[in-house]
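Same order as they appear, the protein sequences are chains A and B.
Counted the way the numbering used here counts, the first sequence spans residues 1 to 249.
Counted the way the numbering used here counts, the second sequence spans residues 1001 to 1226.
Please note that a few of the clues may not be correct.
Claimed, not checked - Lysine-lysine pairs mimicking BS3-like chemistry, simulated, CA-CA at most 27 Å apart:
#  : chain 1 : residue 1 : chain 2 : residue 2
1  : A       : K229      : B       : K1162
2  : B       : K1151     : B       : K1162
3  : A       : K15       : B       : K1176
4  : A       : K32       : A       : K20
5  : A       : K59       : A       : K36
6  : A       : K124      : A       : K32
7  : A       : K59       : A       : K124
8  : A       : K36       : A       : K55
9  : B       : K1162     : B       : K1118
10 : A       : K20       : A       : K55
11 : B       : K1162     : B       : K1103
12 : B       : K1085     : A       : K55
13 : B       : K1210     : A       : K15
14 : A       : K32       : A       : K192
15 : B       : K1185     : B       : K1118
16 : B       : K1185     : B       : K1085
17 : A       : K15       : B       : K1103
18 : A       : K59       : B       : K1210
19 : A       : K158      : A       : K59
20 : A       : K55       : B       : K1118
21 : A       : K15       : A       : K124
In short, the hints are calculated from the structure, not lab data.
Keep in mind the model is a prediction, meaning the values are calculated, not measured.
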Amino acid sequence: MFDSHPYDGQVTGDKGINAKNIARIEAACAGKTSIKFVSMGDTQRWYDETEEFVKALNKRNDIDFVIHDGDFTDFGATEEFMWMRDIMNGLNVPYVGLLGNHDCLANGEDIFRTIFGPENFSFKAGNVNFICLNTNALEFDYSRPVPDFEFIQNEIDKQQPEQNKTVVAMHARPYSEQFDNNVARVFQNIIKGFPDLQFCINGHDHHLQANDLFNDGIMYYGSASIDEKSYLVYTITPDNQYTYEVVYF
Amino acid sequence: MKLFTFKTKITLLAVFVFLVNNTTVHAQKVVKDTVLIITDSIKPNGEKNYRAGWGILIPEYAKLQYAGSMGFLSLGGGWDYGKRKQWETDLFMGFLPHYSTSKNKITFTLKQNYIPWKLDVGSKFMIEPLTTGLYLNTIWGRDFWVKELEKYPNSYYAFSSKIRINVFVGQRITYKFNEDREIFKSATFFYEVSTNDLYLLSAVNNSYLKPKDYLVLSLGLKVQMF
């Protein structure tokens, strides 16, 4: 109501969502060897469609958690983050959010950190490690390492034997204009150091994608923007296989 | 050798006196002109208008505005004009605390007001049932750009994070002071409901966002000095 500025950074309501929801995910999935999760994203300004997604997903009871692949906002405005957060908070299952390039606009990145948390983070869901990375290199002008290899290497070094599988999630995939493509192959070689890398997921390109980007058997799956009214469901099973399906709502 | 002979000194003195006299004559002309302007701008009630000439640049009123997407608190001044003083142009500087971001910020606002009606309520009060207009706001800081940076492909984001266009409607109530005794002529309280380009773009094509989301409320105070 009494708005100081679209970029005022005045965050009210829920904060630190990723950390809170990671605690819920890790508790609920502890000991599981079969994980079912949803990837969706690029919800920017599609409030009705995001709300429809939440309603559709709440009708299911087989999903462990949701990953929002980034671009909560279109302009990086403070209110946009809170509007989208409030819709996503309607999910019955916990969700985590990745940093999208639009979320970096103006001071959006500070708002993202306040509402969701650090832009590089990881969590455990049963025996699967989820590595969530900021890959929006174009937004950071070399002022910060994107992707942050130090973070990635630390994550590889602290792997526990109980988590023998890995999924890497990012907003912009290698070879998109946001990615630091000079290190695309370096990135790929390093993330292959994680235990049994299953596949990578991304958002950003606004359409469904399934590509073996480096011809090395590691698939990159892209979720469509939410106005396409679809989401992806991945099931990782103990028989060392995974399946994915596109669900339209 | 002496630098100047006595005769030369006398001549120099004469030239100096002539120059000084000329300057004085010139200055008198200026004073005369000024006197004329002042004579011209005596108001019907006999009060002299000291805002003549360059003085016209002195703001006629000061405004303090809370919220309104132009800062937490904005301080400014402006000028009213038009037959019924139905136009007001304001300049504001706004202060924005850092909140969840890393830096405090300063904003500047250029605001154009249109106030079509003024209704006297008794001899002391006046109500303006509608104020409307628009304002341009710019925010300072490296995070904000007018035109997207060259590193981006063409029309990558296609908007300016630095400049906002706001539109507003509002109402005002004015209390008139006794002009003989007070330094201020009047004090006005106003409120406004506004929105900006980003909120409007967010509001269209969806039913989730409600007026309480994309409309912004602000409160303000205006004191009339001249």
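For each hint, the structure was consulted:
{"no.": "1", "hint": "K229/A to K1162/B", "verdict": "32 Å, violated"}
{"no.": "2", "hint": "K1151/B to K1162/B", "verdict": "17 Å, holds"}
{"no.": "3", "hint": "K15/A to K1176/B", "verdict": "48 Å, violated"}
{"no.": "4", "hint": "K32/A to K20/A", "verdict": "20 Å, holds"}
{"no.": "5", "hint": "K59/A to K36/A", "verdict": "15 Å, holds"}
{"no.": "6", "hint": "K124/A to K32/A", "verdict": "11 Å, holds"}
{"no.": "7", "hint": "K59/A to K124/A", "verdict": "25 Å, holds"}
{"no.": "8", "hint": "K36/A to K55/A", "verdict": "18 Å, holds"}
{"no.": "9", "hint": "K1162/B to K1118/B", "verdict": "35 Å, violated"}
{"no.": "10", "hint": "K20/A to K55/A", "verdict": "22 Å, holds"}
{"no.": "11", "hint": "K1162/B to K1103/B", "verdict": "15 Å, holds"}
{"no.": "12", "hint": "K1085/B to K55/A", "verdict": "54 Å, violated"}
{"no.": "13", "hint": "K1210/B to K15/A", "verdict": "23 Å, holds"}
{"no.": "14", "hint": "K32/A to K192/A", "verdict": "23 Å, holds"}
{"no.": "15", "hint": "K1185/B to K1118/B", "verdict": "16 Å, holds"}
{"no.": "16", "hint": "K1185/B to K1085/B", "verdict": "15 Å, holds"}
{"no.": "17", "hint": "K15/A to K1103/B", "verdict": "19 Å, holds"}
{"no.": "18", "hint": "K59/A to K1210/B", "verdict": "25 Å, holds"}
{"no.": "19", "hint": "K158/A to K59/A", "verdict": "37 Å, violated"}
{"no.": "20", "hint": "K55/A to K1118/B", "verdict": "51 Å, violated"}
{"no.": "21", "hint": "K15/A to K124/A", "verdict": "21 Å, holds"}
Of the numbered hints given earlier, the model fails hints 1, 3, 9, 12, 19, 20; all others are met.
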